[in-house]
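Student: Sequence:
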Amino acid sequence: MMRAIRPPLLLLAPPALLVALFVVGVGYLVVESLHTGAGWGLDNFVRFFERPDYVAVLVRTIVIAVAVTACAALVGYPIAYVIARYRGNRNFLMMLVIMPWLVSVVVRTYGWMVILGPRGTLNSMLLSAGVIDTPLRLIFNMTGVVIGLVHVFCPFFIVSVLAVLLYLDRSLDEASQTLSAGPFKTFWHVTLPLSMPGVITGAMLVYLLSTGAIVTPLLLGGVRDGMLATQIYQDVLQVFDYPKAASMAVVLLLTAFTLVIPLQWLERRVAARVSGRGA
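Numbering (UniProt numbering), first residue to last: 1 to 279.
Hints are computed from structural coordinates only; laboratory data are not their basis. What you are looking at is a predicted structure, and each value in this text was computed from that prediction instead of being measured. Treat each hint with caution, since some may be false.
Stated by the list, open to error - Pairwise CB distance ranges (calculated):
#1 V260 - L166: 18 to 28 Å
#2 R90 - R47: 51 to 61 Å
#3 R47 - N91: 51 to 61 Å
#4 R90 - D133: 40 to 50 Å
#5 L179 - A13: 43 to 53 Å
#6 R85 - W265: 23 to 33 Å
#7 V260 - S124: 32 to 42 Å
#8 L11 - T121: 42 to 52 Å
#9 M125 - R47: 41 to 51 Å
#10 F49 - N89: 49 to 59 Å
#11 Q264 - L74: 17 to 27 Å
#12 L102 - P14: 38 to 48 Å
#13 L74 - F49: 27 to 37 Å
#14 L10 - V63: 42 to 52 Å
Where a beta carbon is used, it is the ideal one built from N, C-alpha and C, also for glycine.
Whenever a hint applies, use it, and build me the whole structure from the sequences.
Tutor: Written out as structure tokens, the structure reads:
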């Protein structure tokens, strides 16, 4: 009996360790955020929300994360759909999707600086073609940050949606077309609703990763259009104000959960509805 029980318990050890590390890390952040010079309290949080510039950074972080998530969905879903419907070798297409993960995010961000800079590839092409008279300002602002983050995190959305699309029953499309539904109507009423669990999962991943991005906003956004994670980075490594940085991290974590928890609820509702249809 004991030998039959041990293997499952051993399999639970790695996820239990990850959960324990997460709880310890978050607990340390909460404790550190409550530490003040005179003892313990909520002074760090009060000072954070009393600073209009910090609140503006928080709002900017949410806006950028939502914009990156929306752009990743608009770009990533068609790519995932094409890969799922491709009848040839999907492995090559998947390799192209995940290839950016093999390159450092710093290298990719510098690549976008070369492309989007005032004398970069894109502006040079537009100037040579006579489309614009002066270079477009595409870096050191929110535009550059969104473009860079979409490139970094879009593969997560593609993989999430593709995992659902690959396992959809193709006979549902055939049945829809048999009932005189065109390709667009079939996609809108059959494929898209059935793939919504993957869409919601991908959106959560992209949003969470975007709120915690540091390198790309720091290089493409500059000082004026930084995000809260970059502010935390500066407070830890330059100012050495750990309680203040911890309070910002807690605010960022709570802000992320305010969107993720409703999305998780929506994902369960959609999954239950889809499984009900399938039944």
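Student: Find the hints from earlier in the document that the structure breaks and name them by number, from lowest to highest.
Tutor: 12
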